[in-house]
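Visitor: Here the protein sequences come in this chain order: A and B.
The numbering of the first sequence is our numbering, which starts it at 1 and goes up by one.
The numbering of the second sequence is our numbering, which starts it at 242 and goes up by one.
These are computed hints drawn from the structure, not numbers from a lab.
Don't take every hint at face value.
[Claimed, not checked] Derived DSS-like pairs: lysine-lysine, alpha-carbon spacing no greater than 30 Å straight-line:
| no. | chain 1 | residue 1 | chain 2 | residue 2 |
| --- | --- | --- | --- | --- |
| 1 | B | Lys458 | B | Lys384 |
| 2 | A | Lys217 | A | Lys122 |
| 3 | A | Lys15 | B | Lys458 |
| 4 | B | Lys384 | B | Lys256 |
| 5 | B | Lys363 | B | Lys458 |
| 6 | B | Lys384 | A | Lys15 |
| 7 | B | Lys384 | A | Lys217 |
| 8 | B | Lys458 | A | Lys143 |
| 9 | A | Lys122 | B | Lys384 |
| 10 | B | Lys363 | A | Lys15 |
| 11 | A | Lys122 | B | Lys363 |
| 12 | A | Lys15 | A | Lys122 |
| 13 | A | Lys122 | B | Lys458 |
| 14 | A | Lys143 | A | Lys15 |
Treat the numbers as computed from the prediction; the structure is a model and nothing was measured.
2 protein chains.
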Amino acid sequence: MQSLSASSLEPRTLKVLAFDIFGTVVDWHGSIAREMRERYPQVDADGFALAWREGYAPAMARVMSGELPWTLIDDLHRQILDGLVADFGLSHLGQDERAHLNRIWHRLSPWPDVAQGLTRLKQHYLVCTLSNGNLNLLTRLSKQAGLPWDCILSAETFHAYKPDPRTYGGVARVFDVAPEQVMLVAAHHDDLAGARACGLQTAYVERPLECGALHPKDVQADPANDMHVRDLLDLADQLGC
Amino acid sequence: MQSLSASSLEPRTLKVLAFDIFGTVVDWHGSIAREMRERYPQVDADGFALAWREGYAPAMARVMSGELPWTLIDDLHRQILDGLVADFGLSHLGQDERAHLNRIWHRLSPWPDVAQGLTRLKQHYLVCTLSNGNLNLLTRLSKQAGLPWDCILSAETFHAYKPDPRTYGGVARVFDVAPEQVMLVAAHHDDLAGARACGLQTAYVERPLECGALHPKDVQADPANDMHVRDLLDLADQLGC
């Protein structure tokens, strides 16, 4: 069925937009720093947000190498948090408070263009997540932020984290389309390169303040991407939505 | 994390409503019979719809027994269709026409109470699908019908069909809640019994015309269920939404 349905369609006809989440759709740094300043004003909120996020790639690498079994991001986030509390003067936090703090990743705020951008894009395309966040995290985050996904796909769906090819190829297989009919939308060049290697189209989203106002990102265009957009409203404009 | 988070909550506090789809949320018989009458007026539309659906449980049983490898419902539907065409005078249909006809399961119409019922229920609960339909089928069906799921879960998520315990227990595990904090909403007693055996709460939905006006269903209450509702508006009323 896969080959039949895919081959009967115009191969470059874009059908599915798959969105990275952390940094691309939601402002993890701003959301974490804001909540930390409110709840724990003695903590270096900027440094804490950055350190928590920096633990993420090494933790996933330990899973993908086989050192750790398959682990949900909620659990990796918690392991990283437990390793950070001493450095940030939070060793006194009990189990319930740590569990609540860990769910900060379920409460991240979207960038201001996201809800309107997705609403326009989903009139023309199937819009889904493709995030290393687990289904619970993505579902609760999307529900509280009102993000109108057609479907939530996660590393959990494929039992592999991006940039494993099973994730990018998995989106095309799930929706029974050719890889070039899927576009990954992301603010990170390594993610986009992984998608490109699997034959997906790619759109880079500028999120210059992803790591906070003190750490502006270089958002120069990479000509390897099919599109370069300022935000999701710009993506909708450029796609004629 | 599972045991910690679940045990810290009031166990009978309902958090998640998981919905069966075929018959419970969408009118498969009416949708298929209507489209068949329009496109193939010479065919016994009622008999064709029933025969297609009747092939479904035996096909899944062949997968679960290990006779067939893991197979998406779209592909099972197609195998059943290919076995039916001769009996219904449709042997002349080519590959493209069969592929289009098979996607009738992506175009099923919801019962009239569904969109409004889900919109009310999702203000208070996390609402998700739990269907043997594959993710592509459920996503496209929900998109065209405007069904506002918080998350789409499928047999494909768990690599097992209902009533396998991995599906019911999987909903609780995905959302990090206790089984009794999930309620399965379905129009079929065997599905509800499977959920109950895994510790889920259950709501039976009357869909007396699921198999068409010529074949009304017995919709008598089974006291084993936590709730018995006429439709999703009645479910919202009874849950105080």
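Visitor: Would you check the hint for Lys15 (chain A) and Lys458 (chain B), treating anything up to 30 Å between C-alpha atoms as holding?
Guide: Violated: Lys15 (chain A) and Lys458 (chain B) sit about 40 Å apart, past 30 Å.
Visitor: Measure nothing beyond the straight line between the CA atoms of Lys122 (chain A) and Lys363 (chain B); if it is 30 Å or shorter, mark the hint as holding.
Guide: Since the Cα atoms of Lys122 (chain A) and Lys363 (chain B) sit roughly 20 Å apart, the hinted pair holds (cutoff 30 Å).
Visitor: Run the distance test for Lys15 (chain A) versus Lys122 (chain A): straight-line Cα separation, threshold 30 Å.
Guide: Within the cut-off at roughly 10 Å; holds.
Visitor: Compare the distance between the alpha carbons of Lys122 (chain A) and Lys384 (chain B) with 30 Å, and conclude whether the hinted pair is satisfied.
Guide: 9 Å, holds
Visitor: Within a Cα-Cα threshold of 30 Å, do Lys363 (chain B) and Lys15 (chain A) meet the stated pairing?
Guide: It holds: about 28 Å lies between the C-alpha atoms, which stays within 30 Å.
Visitor: Assess, step by step, whether the Cα of Lys217 (chain A) is no farther than 30 Å from the Cα of Lys122 (chain A), and give holds or violated.
Guide: 28 Å, holds
Visitor: Given the proposed pairing of Lys384 (chain B) with Lys256 (chain B), does the C-alpha separation stay at or below 30 Å?
Guide: 24 Å, holds
Visitor: Between the alpha carbons of Lys458 (chain B) and Lys143 (chain A), is the straight-line distance 30 Å or under?
Guide: 36 Å, violated
Visitor: Is Lys384 (chain B) within 30 Å of Lys217 (chain A), Cα to Cα?
Guide: Outside the cut-off at roughly 36 Å; violated.
Visitor: Can you confirm whether the C-alpha distance between Lys458 (chain B) and Lys384 (chain B) stays at or below 30 Å?
Guide: 29 Å, holds
Visitor: Does Lys458 (chain B) sit within 30 Å of Lys363 (chain B), going by the straight-line distance between their CA atoms?
Guide: 28 Å, holds
Visitor: Keeping to a limit of 30 Å between CA atoms, is the pair of Lys122 (chain A) and Lys458 (chain B) held or broken?
Guide: 38 Å, violated
Comparing the model with each numbered hint stated earlier shows that hints 3, 7, 8, 13 do not hold.
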